[in-house]
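Below, each chain spelled out in residue letters.
2 protein chains.
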Amino acid sequence: MTKLVASIVTVGEELLVGQVLDTNAAYLAAELTRLGIPVVRSWTVGDDKEAIRGALAESMRHGRLTVLTGGLGPTPDDVSREAAAALIESNLSVDTAVLAAIERRFALLGRDVPAGSERVASVPDGFDVLPNSRGTAPGLWYEADNGSIVVLLPGVPHEMRAIFSEHVVPRIRALSGRTVIAQRTLQTAGIGETTVQRQIDAISHLLDPDVVVAYLPRLHGVRIRLTVTGEEASDRLDAAERHVRAKLGTAVYGCDDDTLEGILGDLLKRRGLTVAVAESCTGGLVLHRLTNISGASSYVMGGIVAYSNVIKQHQLGVDGDTLKQFGAVSEPVAMQMADGVRARLGSDVGLSVTGIAGPSGGTEEKPVGTVWLGYADDHDTRAVKHQFGRDRRRNKDKSAIAAMNFMRQILLQS
Amino acid sequence: MTKLVASIVTVGEELLVGQVLDTNAAYLAAELTRLGIPVVRSWTVGDDKEAIRGALAESMRHGRLTVLTGGLGPTPDDVSREAAAALIESNLSVDTAVLAAIERRFALLGRDVPAGSERVASVPDGFDVLPNSRGTAPGLWYEADNGSIVVLLPGVPHEMRAIFSEHVVPRIRALSGRTVIAQRTLQTAGIGETTVQRQIDAISHLLDPDVVVAYLPRLHGVRIRLTVTGEEASDRLDAAERHVRAKLGTAVYGCDDDTLEGILGDLLKRRGLTVAVAESCTGGLVLHRLTNISGASSYVMGGIVAYSNVIKQHQLGVDGDTLKQFGAVSEPVAMQMADGVRARLGSDVGLSVTGIAGPSGGTEEKPVGTVWLGYADDHDTRAVKHQFGRDRRRNKDKSAIAAMNFMRQILLQS
Chain X
1 MTKLVASIVT VGEELLVGQV LDTNAAYLAA ELTRLGIPVV RSWTVGDDKE
51 AIRGALAESM RHGRLTVLTG GLGPTPDDVS REAAAALIES NLSVDTAVLA
101 AIERRFALLG RDVPAGSERV ASVPDGFDVL PNSRGTAPGL WYEADNGSIV
151 VLLPGVPHEM RAIFSEHVVP RIRALSGRTV IAQRTLQTAG IGETTVQRQI
201 DAISHLLDPD VVVAYLPRLH GVRIRLTVTG EEASDRLDAA ERHVRAKLGT
251 AVYGCDDDTL EGILGDLLKR RGLTVAVAES CTGGLVLHRL TNISGASSYV
301 MGGIVAYSNV IKQHQLGVDG DTLKQFGAVS EPVAMQMADG VRARLGSDVG
351 LSVTGIAGPS GGTEEKPVGT VWLGYADDHD TRAVKHQFGR DRRRNKDKSA
401 IAAMNFMRQI LLQS
Chain F
1 MTKLVASIVT VGEELLVGQV LDTNAAYLAA ELTRLGIPVV RSWTVGDDKE
51 AIRGALAESM RHGRLTVLTG GLGPTPDDVS REAAAALIES NLSVDTAVLA
101 AIERRFALLG RDVPAGSERV ASVPDGFDVL PNSRGTAPGL WYEADNGSIV
151 VLLPGVPHEM RAIFSEHVVP RIRALSGRTV IAQRTLQTAG IGETTVQRQI
201 DAISHLLDPD VVVAYLPRLH GVRIRLTVTG EEASDRLDAA ERHVRAKLGT
251 AVYGCDDDTL EGILGDLLKR RGLTVAVAES CTGGLVLHRL TNISGASSYV
301 MGGIVAYSNV IKQHQLGVDG DTLKQFGAVS EPVAMQMADG VRARLGSDVG
351 LSVTGIAGPS GGTEEKPVGT VWLGYADDHD TRAVKHQFGR DRRRNKDKSA
401 IAAMNFMRQI LLQS
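Chains as they are written, first to last, in my numbering: chain X, 1 to 414; chain F, 1 to 414.
Be careful, since some hints might not be right.
Think about it this way: if two alpha-carbon atoms lie no more than 25 Å apart in a straight line, the pair counts; the simulated DSS-like pairs of lysine-lysine are [as the list claims (entries may be wrong)]:
(1) K366/X x K324/X
(2) K269/F x K324/F
(3) K3/X x K49/F
(4) K398/F x K385/F
(5) K385/X x K366/X
(6) K366/F x K49/X
Derived by calculation from the structure, the hints in this document are not laboratory data. Being a predicted model, the structure only gives us computed values, none of them experimental.
Make the full structure from the sequences, and use the hints.
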């Protein structure tokens, strides 16, 4: 088969008024790219049968895989099925198996079958049904003679994602036949894009020439996406990953959907360590991120948000003279905060953040964005300084990430 | 003039691989809607001159206002200018005033003028230049004979937004002539969509029949968007807002871009009160949200994240027998946490959250999503219970919002 490319069509008035971000389009774009199918176009249209049909027709004319989300609900506003039927000039009829599945679903919930269910169970002739394990409206799949494919999925994100991964991905994989694509994204922290790129350039002679490396910078750190196509793609990807990890060392904290807080949680659990955090400028963000992980209560004891100096003294035992002499944003205060929170809360590890988030409060010596991080355990107390920018929210985010990464690096070395 | 409708075209490969969410499209959709210009279509295309020209041409054929973002940078990948020139079959030439502005900008920064600046300063004949106060690439504006308008804006969000509000909005306002549109979004918390709708239905006889009311639910609470078109729109909007506020009372916490934490900060500052927070299940999120507000250090003393019962006892003075008898997620513990954090940190107001975020840890009596909020001040200590759902992250978010709203409601009544 010729190389498949994709278009995405998202349907919904709420997208055209800017009320919600189009996360479905971003999800589908990322997943199709991961499958090795480039997305060449994305449309957003309202609940308008002719607009939907037009977008589908243009994409189909180019022989693409078209994935549409939205407009499959039970109300007369939901016209994606009608548009798809018009597209291939076929009729809509109620699929009794789909209707029965909907009736079963509501019977189990002890509720009446809602109005409009026959609409939801209507399928354009020529389309296959892709069952919906999370809701009522099934996905629909059509292959045209020119090799183009039209897939309709409901707009509710978790239903869309379930049908996509359970039914669309296997069908796409079957189509792609022997073309095997393997892809992995390595997550890094504490290292800039230029450095990452230079380090990988330095080992480029070691990498399989077919490995495509992409750099995806974001606030949380640079991601490195490795893609390999063809025979033994998976083994060659593993080899490439080993070379990159060997070069970058602990700057790589995980891959694909790993988060810094999740990795840190695994590390603490494995070592049997508990942590407590003393936060000033991050105002609770480090603790919030750590406790986003399910099961965090087994290693996060808690923490103290010490926004005022009085609290740094009374709740964390920071020395008043040290505060006077060095200021709250300083190496000794960061260290005393880490020691103090560890001692007061009785944890194995103490972590601290003190800085000037901005936009005001900076001085010439300590401009906005100056942040000290402290770490304390049984053997050692230390601190490190960062200089971030002028934006309050970004400074909080960057400080929280840097603090988690600081602790991770120390734990890996100890 | 006939009623103007709009299309949005966003340009960038990064959008087609799902690497970033298309916040520009959402911003433009919201702003155009606010201006009373319905957005009927949105496209995303790669850095492909013919794809860009095609999208612009289709939109122009329908006589629309088309706003494009992206593809105006200095590299040969950036081809939106070329596409626009091809669209109206005109030539690109360097605009000396734009080039001089770029040179001045870099001279001020003490840096060399970067390669590609002539490209950035190129303007298709027939297009007006919209100056960029935040960066180098200017916006471009074209009005066709059929009344359609094409606007090109850079893809960097803060530059795009600056040009849009400084230059595009005034030009659109001038075009719309006497058609005046006034719009305001009221923000509510602690009240469901059905209740909001029922309450407003009950006062519908008081509202100007031309007022369009839209309900925009989100996690943080239902937003109510009021739109009035025509003569004296602004006064009629004010009248409608007064009726809605009179009916809903303190459930309305603000309008347009107000946040709960910002409103709460204003309230605390106005009363000269300080606050401290004791958090269990929210793990620092309430403090994080409160300290997102610039200047929060004048009223947020800090707080204690007490994830373990030992810390609830030692750091907050919660009674061990109470914990044993009622459990950590209970009315008396929420009240003791609020009292304790207030006493220990020396604040005027103490706020507390204790609950079961999930996904595990629930019991039949206290299922996942059970949350107690506590409030304490000089006169009074009280607590309130909420029952949220099964999702950990949503439970943290909902609990933090409910806690801030709980405090706001009490402060308003006292």
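Results of checking the hints against the structure:
A C-alpha spacing of about 15 Å is found between K366/X and K324/X, which places the hinted pair at or below 25 Å, so the restraint holds. Restraint check: the Cα-Cα separation between K269/F and K324/F comes to about 38 Å, which exceeds 25 Å; the hinted pair is violated. In summary, the hint linking K3/X to K49/F is supported, as the alpha carbons are separated by about 22 Å, within the 25 Å threshold. A threshold of 25 Å between alpha carbons decides the hint, and for K398/F with K385/F the separation of about 13 Å falls inside it, so the pair holds.
A distance of roughly 11 Å separates the Cα atoms of K385/X and K366/X; the hinted pair therefore holds under the 25 Å criterion. Between K366/F and K49/X the CA atoms are separated by roughly 48 Å; this puts the pair beyond 25 Å, and the hint is violated.
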